[in-house]
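K.L.:
Sequence:
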Amino acid sequence: MLALMRCMWSKGRGMLELELSYEDGRIHSSRFSVPLLIGRGAPCHLVLKSWRVARQHARIFKRGNHVYLEDLGSLGGPFVNGSRVAEHGPLTIGDEILVGPCRMRVLRRGSGEPASGLDDSFAITDLASEPGCSNPGVDAPGTPRSELHACDRNRLATPSPHAEEFDVRTVLAEPRSAVISVMPAGTGNNLVNHRRRLHKALLEALDLRRRDILSLSDEVLRNEAAAALSAILADDEELPAGIDREELLAQVVDEAVGLGPLEPLLADPDVSEIMVNSCEDIYVERGGRLHKSQASFSSEQAVRSIIDRIVAPLGRRVDESSPMVDARLKDGSRLNAVIPPVALRGPCLTIRKFPQRRLAMQDLIAAGSLDRHMAGFLNHCVVARKSILVSGGTGSGKTTLLNILSNCIPDGERIITIEDAAELRLNHAHLVSLEARPPNTEGKGKIDIRDLVRNALRMRPDRIIVGECRGAEAFDMLAAMNTGHEGSLSTLHANSPRDAIARLETMILMAGMELPLAAIREHIAAAVDLIIQQARLSDGRRLITSIVEVTGMEGMRIQTQELFRYRADERPRFEGCGVMPECFGEGGIAPPLELLSQTTFLAETTERPAWS
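Using our numbering, read the sequence shown as starting at 1 and increasing by one per residue.
These aren't lab readings, by the way, just hints derived from the structure by calculation.
Ideal placement from N, C-alpha and C gives every residue a C-beta, glycine not left out.
A hint or two may mislead.
[As the list claims (entries may be wrong)] Think about it this way: if two alpha-carbon atoms lie no more than 30 Å apart in a straight line, the pair counts; the simulated DSBU-like pairs of lysine-lysine are:
(1) K330 with K444
(2) K330 with K292
(3) K446 with K330
(4) K444 with K292
(5) K49 with K200
(6) K292 with K200
[Claimed, not checked] Label pairs and their calculated CB-CB ranges:
(7) N440 with D236: 36 to 46 Å
(8) E594 with D268: 41 to 51 Å
(9) D268 with D539: 19 to 29 Å
(10) R84 with H291: 55 to 65 Å
(11) D235 with L537: 50 to 60 Å
Generate coordinates for the entire structure from the input sequences, incorporating the hints supplied.
P.N.:
Encoded structure:
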């Protein structure tokens, strides 16, 4: 339920008049005394039946001649003008209060004015100051009132200049429900209300729940939905005269059978990531910077429907028992979804877009993510079958770099990719792609990455590429590198090459092999040749900050030496350290030494990478 509340104050009465607008277009109106207790419990004056609303969530109360909002210790908390508050006031005209699924907007009373000298803040007269009336609990901000006082009910029964707008008898019959009289749908000028109403009508017309929509192509389903909605719009008399019906039709059809407001964002080549924090709160990443989008969903249910529409064809599910899911879109973009009760503000979506064309090493050079000497060295290492780990933080570009390095593998080699959610797009003909599988509704059938790595060893691979090592599969991956599958590639999360080695040790310990630490470190030193460190800078640029060789063991410590590094001083540059890698010492064709000792200064106008 999404509610738009219009709060109007009657000077001298201390009354709060509310207009509640629901997702299906119904509008209910009521009137309350101050203090007003909001929550989902029975003692509340305004009851909001939602899992996001506490039993006693928030309270609007009077302090002096002004009105304040108080949080009563709820988990989700009330928000005022987009910021969470413990207490806020005085409330002014135009303030927006969000309590769970309900939005309250403070507006000026239609026929009244605020008290003189108080500008846009509200001033009210204490009801207890009038003869024969008491209103306990008004003065103490933290004391909720469990019931409307009898004096307040008498006042509600007294006709007012706005009596024609409210059914006062219904207020007396249902003092706590805030459900009074149903006004015509679409009374508000908010376009979102019309989208919700038309979306519901379209779903009823198509009756998608009784049809096997998986058997229909996207084009057929979209054409059928557009035809049905066109017929609905032809008979609709509630839409404003100046509204663009073609645009409205496209928005509703996208939300019903497509990805809704995400469609234009996915089509925008400048957008590299999309983050849906709630149905009304969408952010995008452009050029490495976050920007708030004007797009929004019509309701939480619309977001849930889109999540189900994405994950169902992939054999995955998301519900209260399994509220998190990783999936991919048809173009390979990675998607993560989290729904209630884990997500407190409603369903959340994060989409990491893939570029429309497959990037090559030259694209990274043009974007300033590395220089041509580093690119030539990395290409030489991949061809020479050196085992490489790409390390970096979240969103630093590890998967993109792994994809580009994989495409440097010579033709004729058998490659097996293993991923949690398939993202890699290789240009090789001899390719096998494997994807992990979550458990089914009975908790069975789970296939994790470690199982796939073990199985891949029986498939005669020349190279094994693991999208990301997160746990015990790191041991099997290193075992493959040590048993005839040199040149394998993988990624892991770490902030530096030294941290990457420490994380590998931790993940191998997670495998439960009970190996001594010295044996684990020897295992790592023998398997890994190079570690490439990726980073995302504060200005949004993604680049390689270090290329490190693992040279072996000395005592109980794994030794490394830096081959290339990024310097971020007055003159940002990539530097070659002039050190010949030891991994080329035994019969390998070493790269030219001058390739390892070059310096490339970056111009300030370097193009930012549009990859993730």
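K.L.:
Is it true that the CA of K330 sits at most 30 Å from the CA of K444?
P.N.:
Roughly 26 Å between the alpha carbons, so the hint for K330 and K444 holds.
K.L.:
Within 50 to 60 Å or not, the Cβ separation of D235 and L537?
P.N.:
Given range 50 to 60 Å: holds, Cβ gap about 56 Å.
K.L.:
Note whether the CB distance of E594 and D268 lies within 41 to 51 Å or breaks it.
P.N.:
43 Å, holds
K.L.:
Could you grab the alpha-carbon distance between K444 and K292 and see if it respects the 30 Å cut-off?
P.N.:
Violated: K444 and K292 sit about 40 Å apart, past 30 Å.
K.L.:
Just tell me: holds or violated, for the beta carbon distance of D268 and D539 against 19 to 29 Å?
P.N.:
The hint (19 to 29 Å, Cβ to Cβ) holds, given that D268 and D539 are roughly 21 Å apart.
K.L.:
Between K446 and K330, is the straight-line Cα distance small enough, at 30 Å or below?
P.N.:
Answer holds: K446 to K330 is near 23 Å, not above 30 Å.
K.L.:
At the C-beta level, are N440 and D236 separated by a distance inside 36 to 46 Å?
P.N.:
43 Å Cβ-Cβ, so the 36 to 46 Å window holds.
K.L.:
Between K49 and K200, is the straight-line Cα distance small enough, at 30 Å or below?
P.N.:
21 Å, holds
K.L.:
Could you see if the CB distance from R84 to H291 stays within 55 to 65 Å?
P.N.:
22 Å, violated
K.L.:
Given the hinted pair K292 and K200, is their Cα-Cα distance within 30 Å?
P.N.:
27 Å, holds
K.L.:
Between K330 and K292, does the CA-CA distance stay at or below 30 Å?
P.N.:
It holds: about 25 Å lies between the C-alpha atoms, which stays within 30 Å.
Hint check: violations occur at hints 4, 10; the rest are consistent with the structure.
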